[in-house]
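So the sequence lines, in the order shown, correspond to chains A and B. Residue 310 is where the first sequence ends in the UniProt record's numbering, and the numbering goes up by one at each step. Residue 428 is where the second sequence ends in the UniProt record's numbering, and the numbering goes up by one at each step.
I should point out that these hints are in silico values taken from the structure, not numbers from a laboratory. Glycine is no exception: its CB is placed at the ideal position from the N, C-alpha and C atoms. There's no promise every hint is true.
To spell it out: a stretch of chain A is covered by chain B in this simulated footprint if at least three of its residues, at any positions, have a beta carbon under 8 Å from a beta carbon of chain B; those stretches are [to be verified]:
id : stretch
1  : 101–114
2  : 194–201
A partial selection of chain A residues facing chain B, derived with a Cβ cut-off under 7 Å [stated by the list, open to error]:
id : residue
3  : 44
4  : 132
5  : 133
6  : 179
7  : 213
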Amino acid sequence: MKHLLATDGLDAETATAVLDTADELKHTLLGREVKKLPTLRGRTVITLFYENSTRTRVSFEIAGKWMSADVVNVSASSSSVNKGESLRDTALTLAAAGADCVIVRHPASGAAHRLSGWLAEAGTSVVNAGDGTHEHPTQALLDAATLRERLGSLKDRRIAIVGDVVHSRVARSNIHLLHTLGAEVVLVAPPTLLPVGVEKLPVTVSHDLDAELPAVDAVMMLRVQAERMYGGFFPSAREYSISYGLSERRQALLPDHAVVLHPGPMLRGMEIAHAVADSPASAVTEQVRNGVHVRMAVLYHLLASEGAAA
Amino acid sequence: MTLVIKGARPYGEGEPVDVLVEDGVITSIGSVKVPEGAEVLDAAGQVLLPGFVDLHTHLREPGREDTETIDSGSAAAALGGYTAVFAMANTDPVADNALVTDHVWRRGQEVGLVDVHPVGAVTVGLNGAKLAELGTMAKGTAGVRVFSDDGVCVADPLLMRRALEYSTALDAVIAQHAEEPRLTVGAQAHEGEQASRLGYPGWPASAEESIVARDCLLALHANARLHVCHVSTAGTVDVLRWAKDRGTKVSAEVTPHHLLLTDDRLDTYDPVNKVNPPLRTGRDAEKLRAALAEGVVDCVATDHAPHAPQDKDTEWNAARPGMLGLQTALSVVVETMVKTGLLDWRGVARVLSERPAEIGNLPDHGRRIAVGEPANLALVDPDAEWTVRGAELASIAANTPYEGMRLPGVVTATVLRGRITAREGKIR
Numbered sequence: 001m002k003h004l005l006a007t008d009g010l011d012a013e014t015a016t017a018v019l020d021t022a023d024e025l026k027h028t029l030l031g032r033e034v035k036k037l038p039t040l041r042g043r044t045v046i047t048l049f050y051e052n053s054t055r056t057r058v059s060f061e062i063a064g065k066w067m068s069a070d071v072v073n074v075s076a077s078s079s080s081v082n083k084g085e086s087l088r089d090t091a092l093t094l095a096a097a098g099a100d101c102v103i104v105r106h107p108a109s110g111a112a113h114r115l116s117g118w119l120a121e122a123g124t125s126v127v128n129a130g131d132g133t134h135e136h137p138t139q140a141l142l143d144a145a146t147l148r149e150r151l152g153s154l155k156d157r158r159i160a161i162v163g164d165v166v167h168s169r170v171a172r173s174n175i176h177l178l179h180t181l182g183a184e185v186v187l188v189a190p191p192t193l194l195p196v197g198v199e200k201l202p203v204t205v206s207h208d209l210d211a212e213l214p215a216v217d218a219v220m221m222l223r224v225q226a227e228r229m230y231g232g233f234f235p236s237a238r239e240y241s242i243s244y245g246l247s248e249r250r251q252a253l254l255p256d257h258a259v260v261l262h263p264g265p266m267l268r269g270m271e272i273a274h275a276v277a278d279s280p281a282s283a284v285t286e287q288v289r290n291g292v293h294v295r296m297a298v299l300y301h302l303l304a305s306e307g308a309a310a
Numbered sequence: 001m002t003l004v005i006k007g008a009r010p011y012g013e014g015e016p017v018d019v020l021v022e023d024g025v026i027t028s029i030g031s032v033k034v035p036e037g038a039e040v041l042d043a044a045g046q047v048l049l050p051g052f053v054d055l056h057t058h059l060r061e062p063g064r065e066d067t068e069t070i071d072s073g074s075a076a077a078a079l080g081g082y083t084a085v086f087a088m089a090n091t092d093p094v095a096d097n098a099l100v101t102d103h104v105w106r107r108g109q110e111v112g113l114v115d116v117h118p119v120g121a122v123t124v125g126l127n128g129a130k131l132a133e134l135g136t137m138a139k140g141t142a143g144v145r146v147f148s149d150d151g152v153c154v155a156d157p158l159l160m161r162r163a164l165e166y167s168t169a170l171d172a173v174i175a176q177h178a179e180e181p182r183l184t185v186g187a188q189a190h191e192g193e194q195a196s197r198l199g200y201p202g203w204p205a206s207a208e209e210s211i212v213a214r215d216c217l218l219a220l221h222a223n224a225r226l227h228v229c230h231v232s233t234a235g236t237v238d239v240l241r242w243a244k245d246r247g248t249k250v251s252a253e254v255t256p257h258h259l260l261l262t263d264d265r266l267d268t269y270d271p272v273n274k275v276n277p278p279l280r281t282g283r284d285a286e287k288l289r290a291a292l293a294e295g296v297v298d299c300v301a302t303d304h305a306p307h308a309p310q311d312k313d314t315e316w317n318a319a320r321p322g323m324l325g326l327q328t329a330l331s332v333v334v335e336t337m338v339k340t341g342l343l344d345w346r347g348v349a350r351v352l353s354e355r356p357a358e359i360g361n362l363p364d365h366g367r368r369i370a371v372g373e374p375a376n377l378a379l380v381d382p383d384a385e386w387t388v389r390g391a392e393l394a395s396i397a398a399n400t401p402y403e404g405m406r407l408p409g410v411v412t413a414t415v416l417r418g419r420i421t422a423r424e425g426k427i428r
């Protein structure tokens, strides 16, 4: 694996290898006082974030540091980007400075792919940490890791992805990865928050959350991305909450074993009830914890395990 | 100045003939004895067509001479078989007054490779708020007959109505970039399966179709001439057919890239494929080709849009929309329309020359190849192929989506008023 740009096209074997490595890393570090492995000593990892982020950037930073990589954080607001430097020039600068891997978050869909092209000559790996409304592959991998822990195999499991699908890179990455790993995905959202041509994706579509909940093994709530919205995608937060929020009443419709996920940050009270978010069914904290191990595994497969996967 | 074109087949039909051109006018067709001192174009096996006319060119001068100038753009046009081009108004400063339009016209004359006809802006500064001085531009040296805010739709229906009404007194046409702006906020690609998969905010087909429908109704109401720029959707073809059947004075153009390319190319994430309106689906392209063959879409226009590397070799959202078109248009038309049997060479003359000249009101271009007609001509080798290399094109910019592609049909010579402007890929 040279880059991790998307889950669309990521084969089951590679995805499973990353998840297995994450699992192994998690158990290796379990109970250790000093969480440090020498695996990536001497490697330089740069996080290049053009959008605000806490959990993803910190997660990657910790992942790199636990693997003994030198991690440098660059945020657009405090770099030459602020002076109008293009993404291409910034990328070439980072490669010239010796980056082995650039982890990029960018508001433009496809930015990570473009970056990988510009960095091809330098041999620098690229990890997509979220590009526009396209993909966020490590989020999908950490979601899958969390679901595997709770449910075992994902084969033939039914997962509902609920809410703002159209603006969600998390949803896109999850749709592809969950399908690849054998799960069945149902999207539950108002028509305005579903992508055009959604029927061509490997999913079923529903507008009735109540009807879907009793038959799912997990429900993945999405963040309503108000910052990407214009022109009234739904009438009001209240109506959205009534129709698509995961309330305590709705949670009661879920099977006992069902897992509740949310990529965060959560809009409590609107997307998900406070009590549901903190309930035993909720795996939100585990998602964050697993995120570090999954990102360690991704860095391992990119930087430490030449030829580990194609 | 005397020119003899030896052994060409006008419109690719009949036996080869010689064409004698004297002082810019065709004076004899048949077997011609070469007069002393005459220049000779050996055109054996080649198709002779009226010189092409592009209703939709961006020459970028004034304002972005780093990407194209009237000089370089004229050269690209001549090499592409064009004898006249309409230079769009979205320059800097905007061509919304006679000072700018007359300047563009004069520069075109000075360069002398093609007739450069400036398009005047419909509204001041292309801002859609106030009509530009259409009459002044029409009565100026340039004699502007096509007005457009291209790149920006005249979205206000009342302003569009007024523009259409006002233009009737000027024997002019209002050319509209049909894009309902509220439906395309943030749009980056054709709204459909591909854009959804890649996470690009969608540019819905209905944003074009709804404006075309509205404008056709307004043009019918005002008895004015409307020209629809770069039609891109199957639905727009239906609207145009309906409007024409009702007697609307509406014409329409399609770009070569909308005939050949589809949103499948978005998979590369390369903004060389970013264009406005966006590349649509295969079904749209198929319907556009059929509509062009049938005449529901009147002509091909390039929307030649040169851009600097820093405006294209970037992430998709940051990239400017547009692609080069002048030197590849004929080949793409051959690939999509001639090789498929949708058009013969007479049809090619109609869509690349005759109809655009009529729409743009150019009496000396797009004429029949006949004695007494002005010698604005293009010679095409129908059997030759070439490989497109952006860096080798005459434009300053190199943003061609056909890089490395092998295309059929080579323009071997272009003649403007009896003078060879381009021959064997070189400017004369």
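Status of each hint after checking the structure:
{"no.": "1", "hint": "101–114", "result": "holds (count 8)"}
{"no.": "2", "hint": "194–201", "result": "holds (count 6)"}
{"no.": "3", "hint": "44", "result": "23 Å, violated"}
{"no.": "4", "hint": "132", "result": "5 Å, holds"}
{"no.": "5", "hint": "133", "result": "4 Å, holds"}
{"no.": "6", "hint": "179", "result": "13 Å, violated"}
{"no.": "7", "hint": "213", "result": "25 Å, violated"}
Going down the numbered hints, you'll see the structure goes against 3, 6 and 7, while the others check out.
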